[in-house]
Amino acid sequence: MNTIVAQLQRQFQDYIVSLYQQGYLDNQFSELRKLQDEGTPDFVAEVVSLFFDDCAKLISNMSRSLPDNVDFKQVDSGVHQLKGSSSSIGARRVKNVCIAFKECCDVQNREGCLQQVDYEYKMLKTKLQDLFNLEQQILQAGGKIPQVDIN
Amino acid sequence: MEFKSAEEGRIEKFPVGMRVLAVDDNPTCLRKLEELLLRCKYHVTKTMESKKALEMLRENSNMFDLVISDVEMPDADGFKLLETGLEMDLPVIMLSAHSDYDSVMKGILHGACDYLVKPVALKELQNIWHHVVKKNIKSYAKNIGTSRQLLPPSQSDLVPGVSKKRKDKVNDSGDDDDSDREEDDGEGSEQDGDESGTRKKPRVVWSQELHQKFVNAVQQLGLDKAVPKKILDLMNIEGLTRENVASHLQKYRLYLKKIDEGQQQNMTPDAFGTRDSSYFQMAQLDGLRDFTATRQLPSSGLLSRSHLTKIQPHLYSSINLQGMNSSGFIQQGHHQSSSNSANPFGTYHSTLPPRIQNVNLFQRTSSPLESLQFPRSKCSAYMGDFKSIGDRPIGGGFVDSCMSYGSSSTSLPSASTNTLMLQGNYTQPLHTVSSVNQPCIEKTLSNAASPNISVQGLSRLPSQSWQGNLNTTRFLSNSSPLNHAFFPDQVTCAGNNLGDCSSLVSAGNPGGGMQCEPQLLGGFLQNINSLDGQKWEQQNCSMVNNTFGNVEYPLPGDNMVFRENNAARSKGVDESLMSPIENSGNVNSQEYVGKPSTMVSAEMMKSGKPENAHIDNQNQHDVFDDIMNEMMKQEENNGMVSVAARFGFDSFPPP
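As given, the protein sequences belong to chains A and B, one line each in that order.
Going by UniProt numbering, the first sequence opens with residue 1, and the numbers climb by one from there.
Going by UniProt numbering, the second sequence opens with residue 1, and the numbers climb by one from there.
For reference, chain B alone in the conformation it holds in the complex (with noise of 0.2 Å):
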């Protein structure tokens, strides 16, 4: 049992490291509640604003395990943090200096874990933990439910954070995930069932409808001057509330920046690297159908896994398309039974599950393009690209495509934006099929454990890994020679540069299927690791800009507040940023926000798991907010501007 503890990487055990959330108008009682705790060796943020605890919370559901906080602050009310953290699943303990009956039975009411009576002792908070515990096994509880999957709860399993990333592993590798989803996706619903993750929060599915609302909205006020607040006023959609309309805003802004650049750009073959998911997402709900080009859906894991499926369900298609040349796809497509992708991170011979719906590579089911597919993958594929780079005629049908695959041609190019995922300019879309393979993987990849496990490094993988490792090349070339069906015992790795590739490709050979994997994998898994630090570091950037989702002012602000975040940020004690001292309450809430989440990106991505289900535990209502943050990340890695140095970070400092 582990956990990661935030600021150096090295592994404690729960509860060393809990994440306690402090809050207190009292500097003195702050001070000394944080002392306390840390004794207690748990983690601290110590925040004496109440409001900024509630931004701390909001911007992301994942980043404490435990709340304590005083009741009685003149500037707020502690039970609206207490109720707020009761939404978001988390224990919250009431401080007060009040003993009597009447205050201890009103915070119990209202649902507070556990009640202390200033001065706290440090024996009362040395027990703490047990509260994050018992919440855990509530949500285990809850989620296991829906999964045929009956494991007891391990120790592991409530342990906060390993807890949470297993919960939502054992959730998607169940295989009731698959049904979940399908089911998701025949409701429609606002309300989210069981989705995998720990948080009760309803989703808000941003309908076609309701995002044109939303549009019109900021539109009407004028985009520099849309706060969530005046937005949400203005949309007047009961049972919606400001911090959808936050982090909705918050992708918005960034899917016009994207869509600004983007046309800047050449919409070239090269320009697959963008990874726009969102955008896509963003696009199609604004209905720019021809939003073709670049876009092409790199769906992440976490995508296809929790979002497609409520939104486009003709977004998905088959993972293994992706990792194949152009004419690996189609030849796929004879295949029905058979699992030969020449998927590069699947078996060669394993059949794919029959619900491989994840992945998707390319989407807009519009496009006239084969349809690739796996059986009963979900479709929807849309290959701009292609149309844009020429098309090649892929041979062979595919099974069930819905998705359909833009005509490959024979040309070079064409067979590059073909392979797509192994392209080396390709970041996301490599990225995202891994991440997006996983789950799948995860199951067909029964008889092979390397590429599940690479694959879900893949995942996590940036962009450039990618490069290094496999040689894009051999994909590329792939294309005339493979215009036939993939028949694993036929692919040829003919034509130019498919020496490499033969190792992939002939998986055909179903002897020899799996070899490439390990080879193709290898490279792979050593990139994860070369990489991870510094992706993390990376990631820890990006993912500061969850923070803005939740700000009420306009972006150009937020730059403001992010760059003293960053000057400020450190990877050390809390205490460091936190002036307990009545300063200027601004600088303090400043420091915090930016802190807070660089240790929770931090944790997140030096968890022992890279995979999307950390992803998944983002309990962000918005469909676009885990999009949007692969994204980022992916922007990150591959080294183009970031979304964060859009938003003014110019560099990220080292850990």
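Just chain A, with the same shape it has in the complex (with noise of 0.2 Å):
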């Protein structure tokens, strides 16, 4: 038993040095894992969560503004809240193309740009996914999810 969790433990660690590594992650997100305790055990979940939900809301309804008229506005302002948001959680990759996104010119760099965000956020969600699976292994293990140490 105790070596299974200190498996699944290992996996853990390492898997979420390599996203931090990879620029998946920052240290927002090594923030936002210490506000998660005893007493709000789904914390990071949730925001996470929540984040997610806002990127698919946003991308929907900025790629649904882009090629009909020329709202940028309304543009800019989805891109400007996605990068606030992904900058609070540490989505570090997320917030690079939505910065780059900012500097788009014109509808095709735009579109461009969204199809990015929208990349990026996937490939996020799909990450995190799997780190919360091996979250949940291991408590069901009877293991304890280890402080990972960023630096």
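Rather than coming from a laboratory, the hints here were simulated on the basis of the structure.
One should not assume that every hint holds.
As the list claims (entries may be wrong) - No farther apart than 30 Å at their CA atoms in a straight line, the calculated lysine-lysine pairs in the DSBU-like style are these: (1) K134(B) - K13(B); (2) K34(A) - K230(B); (3) K257(B) - K213(B); (4) K230(B) - K257(B); (5) K106(B) - K73(A); (6) K41(B) - K144(A); (7) K34(A) - K123(B); (8) K102(A) - K41(B); (9) K73(A) - K80(B); (10) K134(B) - K41(B).
What the hints assert, rightly or not - Cβ pair distances, simulated, as ranges: (11) Y101(B) - Y15(A): 52 to 62 Å; (12) A6(A) - D102(B): 48 to 58 Å; (13) G23(A) - S99(B): 17 to 27 Å; (14) R64(A) - K51(B): 21 to 31 Å; (15) G239(B) - K34(A): 44 to 54 Å; (16) A121(B) - A45(A): 14 to 24 Å; (17) I99(A) - I108(B): 22 to 32 Å; (18) L122(B) - P41(A): 13 to 23 Å; (19) K34(A) - H130(B): 17 to 27 Å; (20) S207(B) - P41(A): 54 to 64 Å; (21) N61(A) - G222(B): 50 to 60 Å; (22) E111(A) - Q220(B): 49 to 59 Å.
For glycine and all other residues, C-beta sits at the position ideal for the given N, C-alpha and C.
Two chains, two separate frames, one set of hints: put the complex together.
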């Protein structure tokens, strides 16, 4: 039993470190994890799912506005929001493409940027899902989630 | 230095429990911000809508200690919120994802206390309480400046919640308060100078003329369709804000309802139970001079303290008069210098300070009744009730009586009405008397610590407590025997039931003056304690009504809102009510509206100082605000159809 837990914990640790190293996550994510404790055991999952829902909504709004009209204001506001939320939770890659998006000048570029945002958030979603699954496995095996110190 | 948490009433040290309003239209950021703030042990109310935030702020200016808000919100301008917060003297912290110099500069120039760039770190939030203290220092200094008392701001004074109340207390108990009030009387201006309270919002005085315009506008629109915005437009008064109109409208509506009820009721002595300080005010403004009968003006402390001074100086009367049986009052008059009002609250001996102008019992100078009064108290007393009850000539003259006291008949009914305050039926009067008494008594009862305390406490006493404690019959029977001058040494509690009374009245007895107080007051105190919780809960609910004042739709609609709010209301963490996700904005807002007020009132009520000070804290512009609040509370306490109930509340869930 112990070995299984230890193994899972190992896996978890490695995985999360890799996410940081690959730039999917940054220290804001660590901050987020710190806010989670016995009192708020699902805090990270909650915020992250809020974020993904938000992403989906904003992206779909933006993709609707882009081709039809030139309502860049709405698009820009959507990007701004995404940038804010991604930076809040430490979704580094998503944040970066949002920053790039802001610099897009015309429709074509914007559409390209939007696609990138879409791609990145979905990617992150998958990764974090795997991470949470690992967490669940650890907990189910009776272990504790390791505190991972990201430097 | 204590600050009672709004949630459980436990006492925590500031900044724990500091009430923060967090506004951000981004749900992810908002949720994280909330958690960060909770981690700092603040009390958090969050909303994604700037509009809701504004409503909450306006509803009760004392609801929050600090506002933290994102500046770029599509549905509203973060700067608008900033301005509102500043008006209320609240520290506002701006949040933005923009860190460029210009944006930051703009925020600071607009008056933000601080400008934080997202993503915000926990450390930054841990220090935001500094801003609250700094603001309080400024307000404190400002208020203190007007008072002769030059107390250095103590820690507790600067701590929100406790501090504001204390500040007011300091102000009120200072000698300068009366003079401030007097000056205000003289001014009759629309701007309030340094009134007790920490808010700088200019007060609007609803003069007869202004009120008339208001009424015209309302009538023109039709009461059901009268919304503050339209009324404001119709009135076309420069400087008048929608909020002023909204709160005045709320009061006006309540007043009208009360009139209806009152007319249905019989104008009997029992009707004294109605507290209508606000009605009276409205009535006066409306020129309803014969709005007599049940309408006594149970001046609440606030009334006398802040509003009456401004509006109706003649509404004042001596506190002590109230506490006394009719004859007591009258006789009192003979003793200008003596303080022996058979004031159950006060000392029987201490001389009332020259400026006892609060507590008015019964107003209406027009009354031909004898006037009772304490030296120098501002007068006016209307004992309309007496008229209906039958008059009993009150023997003896009263000093300076501005107040005409209904001629007190020797009959019991009148006696009872005379006693008013003490009457079982009376709820508010007693209550208000005590509350009004408070300021005076604070000054006068220098030699009686307990009366002070009890009086203060009394101000919060629900009427029932009076009934319970005070054997009203005591006073009731004081009619005839006490038809003579109430000389301290002569008081004869002769007559029926005066056995108990004698303990009180024996105050007349120089030596034993103070004795009765403890007895009387002890009972009060007891009641205060026991009823506190219950009362607060009720008041919680009644306080919620305040939101109506700020809502733009006719009351019936409000009922619905509040029903939901009530249902959703809980004393737990805001989180439970806040759906972070993009839910029906409606639901969110309603819940938000309901909850904060609950918490606020709970907080206010639960403060260790159940005095009027907290009411003074309400920086409502409208004169009737405090009065209405008192009235509503009283109603609650009375178990009569509460205003809240009329608004749709059926019952109040227990805490």
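Comparing the hints with the structure gives:
1. K134(B) - K13(B): holds, 17 Å
2. K34(A) - K230(B): Violated - the C-alpha atoms of K230(B) and K34(A) are around 51 Å apart, more than 30 Å.
3. K257(B) - K213(B): At roughly 20 Å apart (the allowed maximum being 30 Å), K213(B) and K257(B) satisfy the hint.
4. K230(B) - K257(B): Holds: K230(B) and K257(B) sit about 21 Å apart, inside 30 Å.
5. K106(B) - K73(A): Holds, at roughly 21 Å.
6. K41(B) - K144(A): holds, 26 Å
7. K34(A) - K123(B): Distance ~13 Å between K34(A) and K123(B) Cα, so the pair holds.
8. K102(A) - K41(B): violated, 37 Å
9. K73(A) - K80(B): With Cα atoms ~21 Å apart, K73(A) and K80(B) stay inside 30 Å; holds.
10. K134(B) - K41(B): Given that 30 Å is the threshold and the Cα spacing comes to 19 Å, the pair holds.
11. Y101(B) - Y15(A): 52 to 62 Å: violated, 40 Å
12. A6(A) - D102(B): 48 to 58 Å: Given a distance of about 54 Å, which is inside 48 to 58 Å, the answer is holds.
13. G23(A) - S99(B): 17 to 27 Å: Holds - the Cβ-Cβ distance for G23(A) and S99(B), about 21 Å, lies within 17 to 27 Å.
14. R64(A) - K51(B): 21 to 31 Å: Holds, at about 25 Å.
15. G239(B) - K34(A): 44 to 54 Å: Given about 50 Å between the Cβ atoms, the range holds.
16. A121(B) - A45(A): 14 to 24 Å: With Cβ atoms ~22 Å apart, the hint holds.
17. I99(A) - I108(B): 22 to 32 Å: For I108(B) against I99(A), whose Cβ atoms are near 25 Å apart, the range 22 to 32 Å holds.
18. L122(B) - P41(A): 13 to 23 Å: holds, 19 Å
19. K34(A) - H130(B): 17 to 27 Å: holds, 23 Å
20. S207(B) - P41(A): 54 to 64 Å: holds, 59 Å
21. N61(A) - G222(B): 50 to 60 Å: The hinted range 50 to 60 Å is violated for N61(A) and G222(B), with Cβ atoms some 41 Å apart.
22. E111(A) - Q220(B): 49 to 59 Å: For E111(A) and Q220(B) the Cβ distance comes to about 55 Å; the hint holds.
Checked against the numbered hints given earlier, the structure breaks hints 2, 8, 11 and 21 and satisfies all the rest.
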